[in-house]
Amino acid sequence: MLFKDIPIQRKLMTVILLTSGAVLILTCVAFFAYEFHTFRQSTVRQLSTLGEIIGANSTAALAFESPEDANEILAALMAEQHILAAILYDKEGNIFSKYPATLTVSNVPIQPKLKGYRFVDSYLEGFQPVIQGTRRLGTLYLKSDLRAIDERFRLYGIIAVLVIAVSSLLAYLLSKILQKSISKPILALAETAKAISDRQDYSVRATKLGNDELGSLTDAFNHMLMQIQEQNLVLSGFNKNLEHKVMERTIELEIVNKEQKEVEKKLYEKNNELAQALEELQSAKAQLIELNNKLERRVEERTNELLVSEEELIIKNHELKKINIDLDNFIYTASHDLKSPICNIEGLTSLLNKMLDNRLENKERNLMEMISRSIAKFKGTIEGLTEITKVQKNLEYEVEDVSFKEAIEDVKDDIRDMMVQAEALIREDLQVNRIIYARHNLRSIVYNLLSNAIKYRSPERPLKVAIKTYDEGGHTVLSIEDNGLGINEKNLPKLFTMFKRLHTHVEGAGIGLYIIKRTIENKGGRIEVESKLDEGTRFKVYFK
Amino acid sequence: MAILKTSAHQHLFFTLLIGSVISLSAQTPPAREYQIKAGFLFNFTQFIEWPASAFVSTETPIVIGVLGEDPFNAYLDEIVSGETVNGHPLVVQRFKTISEVNTCHILFINITETAKLEEIVTSLKGRNILTVSDAANFMQQGGMIRFVTVNKKIQFQINPEATKEADLSISSKVLRLAEIVVPKKK
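Line order of the protein sequences matches chains R and A. The numbering of the first sequence is my numbering, which starts it at -8 and goes up by one. The numbering of the second sequence is my numbering, which starts it at 175 and goes up by one.
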């Protein structure tokens, strides 16, 4: 059995007994060691003292050579039973006297040896000089057994054993009584604890036996018991409550369960329906896939067809472009080639007019004037065509930092007569003034739009023109708005086409808007128009 | 044997013994009897205490005197030469008559002086001198120590009263060895 497993009473007693036993044994050992040492010393001292006495008494016997007397002196050693042998040597070192008388010479040193006593085997023996005054008369040899030590130690041993036995007994009895003061409260506590755990009875209380740590332990234990008891009470209340709740909940659950089962049943039915629906869906999906495939095939076919038609379109486009270029070349050639004949005709007509001036009748004169006008008109058309070919051929004017204000004033100077005649009211709001553009092109744009506004003014109201510049969505915008005749909505798409004139009451070549549209678009901008018949028109130019 | 100091003496002694030649001439050593007695005389100096007044100083020699014919020859001188007792060196002096005895501590009176014993003892009375002799009637005459031969062994008789009168203290160890003789007062 391990020490930690033995009962506490025995443990306490073992501790006490072992401790006291160890102390006793250690004390005895120390005592023995000390005694052994001192006793040997005192034995030597005693023997040497004895030797001194014998020696001192023997001087006369040695001096006057009386061995009988020496024998008598040595015989006195009989009183000391531990002396085994004593020998007196004369000053020459010969044996003079010995004790006991029966001593055989073979057992003892024939000659005296070194002075002093020493332990040899289990004996103490030694020599000491016999001196009278300052003269050495001889030597004394003494041999003692150590039975005295043995006897002493036997006695000590017996005493030690007795002391240990009695002490142990006393320690046993005392510890048996005293250990109760510790073990009893602990055992009482243990017993109480066991009773509680066996019977689950928390009303039991441990008895307090003192006011030491064990007393406070007992108090703490009892306090704990009290708390457990209280908690137990609360817990059993909880328990009942819980049971009640569990029962309620069980009933609820049963109801819910029933409902659930019904729901499950319904779900099952719904599931079946869904499965059926799914089947249908799947068949529908199959049909769809088929349809899709068909469609895809159709799309593919159509795509192929489109590809073919696109190719055709590209070819057509190419042809058209060629035709366009041919047309441009034709216009250029025509305008160029027609220029000099018309100039000739103009010169010749003017010459003819001068020559016939005074001879012409009014009728002829009118005819002549009509010819002149037609020539001028023809010339204007040729100039317009030349302008167009210039634009067509992308003739570039140099780009520079130009001012709207300057361009507008420039144009106003050119058409001042028209403006005065039309009594036009021109309002300007230039939020942006400068732009990087070709001066000629900007002037052309302003000129066309402003002259158009004057040309197509309403005879029923005084003309008002608003010129604005502003920024809109990263573009600089030039807006020119009038309150003139306006344009029929259906005619708007035709507005920017070549030689299209919507009003015939004013002169014009019908190429101005076409030219500026091309100019603007060539520079990456665009032109928009809003108009209502008999209300007015607004052109907006978005510069890049 | 104890008093023989050297092997030379031993050798000499054995030669004398074997040859049974006893010669008392001045050149020859004395008989063994007197050798032993010479030793005893020397030993007495160690066991007897003289009163302080017996010495002028602590270095004053102890004088062993021989009265009458000297039986020791030079032997006694040999024994005491170089020896000291309690710081006192030992000296041997020879006296022909008692009147010559001046400073003396032990006085050996030879048998040759037997006739004058009474006179000698009387003249020494009151002095701190230990008187020793072989003479048969020495103790009756008031002597202090007398050598006797018992069973061929030399022993001595002591008159403690006489020594006490001379203010000499003899060690009890010596007294134990001796035959105590106290003569009846005349």
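These aren't lab readings, by the way, just hints derived from the structure by calculation. Glycine residues also receive a C-beta, built at the ideal position from the N, C-alpha and C atoms. Heads up, a few of these hints could be off.
Listed below are the simulated DSS-like cross-link pairs for lysine-lysine, each with C-alpha atoms no more than 25 Å apart in a straight line [stated by the list, open to error]:
| no. | chain 1 | residue 1 | chain 2 | residue 2 |
| --- | --- | --- | --- | --- |
| 1 | A | Lys338 | R | Lys82 |
| 2 | R | Lys185 | R | Lys171 |
| 3 | R | Lys82 | A | Lys326 |
| 4 | R | Lys370 | R | Lys312 |
| 5 | R | Lys368 | R | Lys171 |
| 6 | R | Lys82 | A | Lys347 |
| 7 | R | Lys403 | R | Lys312 |
| 8 | R | Lys370 | R | Lys381 |
| 9 | R | Lys403 | R | Lys354 |
Here are the computed distance ranges between Cβ atoms for each label pair [unchecked claim]:
| no. | chain 1 | residue 1 | chain 2 | residue 2 | range |
| --- | --- | --- | --- | --- | --- |
| 10 | R | Glu63 | A | Glu223 | 23 to 29 Å |
| 11 | R | Glu142 | A | Arg301 | 56 to 62 Å |
| 12 | A | Lys327 | R | Tyr147 | 28 to 34 Å |
| 13 | R | Lys104 | A | Glu223 | 45 to 51 Å |
| 14 | R | Asp112 | A | Thr277 | 35 to 41 Å |
| 15 | A | Lys327 | R | Glu26 | 46 to 52 Å |
| 16 | R | Gln37 | A | Glu335 | 38 to 44 Å |
Here is how each hint holds up against the structure:
This hinted pair does not check out: lysine 338(A) and lysine 82(R) have alpha carbons roughly 31 Å apart, beyond 25 Å. For a cut-off of 25 Å, the pair hint linking lysine 185(R) to lysine 171(R) stands: about 20 Å separates their Cα positions. Only pairs whose Cα atoms come within 25 Å are accepted, and lysine 82(R) paired with lysine 326(A) is accepted, the gap being roughly 23 Å. Simply put, lysine 370(R) and lysine 312(R) have alpha-carbon atoms about 28 Å apart, too far for the 25 Å limit, and the pair is violated.
Between lysine 368(R) and lysine 171(R), the direct Cα distance comes to roughly 149 Å. Violation of the 25 Å bound is thereby established for this hinted pair. Straight-line distance between C-alpha atoms of lysine 82(R) and lysine 347(A) comes to about 18 Å, which keeps the hinted pair within the 25 Å bound. Pair hint lysine 403(R) plus lysine 312(R) does not hold up; C-alpha atoms about 39 Å apart against a cutoff of 25 Å. Annotation: proposed proximity of lysine 370(R) to lysine 381(R) holds, straight-line Cα distance about 16 Å (limit 25 Å).
Of the supplied pair hints, the one linking lysine 403(R) and lysine 354(R) is violated, its CA atoms being roughly 38 Å apart against a limit of 25 Å. Evaluation of the 23 to 29 Å hint for glutamate 63(R) and glutamate 223(A) yields a pass: the beta carbon distance comes to about 24 Å. Between glutamate 142(R) and arginine 301(A), the C-beta spacing of about 58 Å keeps the proposed range 56 to 62 Å intact. Our hint of 28 to 34 Å for lysine 327(A) and tyrosine 147(R) is violated, since their Cβ atoms are close to 51 Å apart.
For lysine 104(R) and glutamate 223(A), the hinted distance range of 45 to 51 Å is not satisfied, since their beta carbons lie about 34 Å from each other. A hinted range of 35 to 41 Å is violated for the C-beta pair aspartate 112(R) and threonine 277(A), which are about 58 Å apart. At about 50 Å, the CB distance of lysine 327(A) to glutamate 26(R) agrees with the hint of 46 to 52 Å. Judged by the Cβ atoms, the range 38 to 44 Å given for glutamine 37(R) and glutamate 335(A) holds: they are separated by roughly 39 Å.
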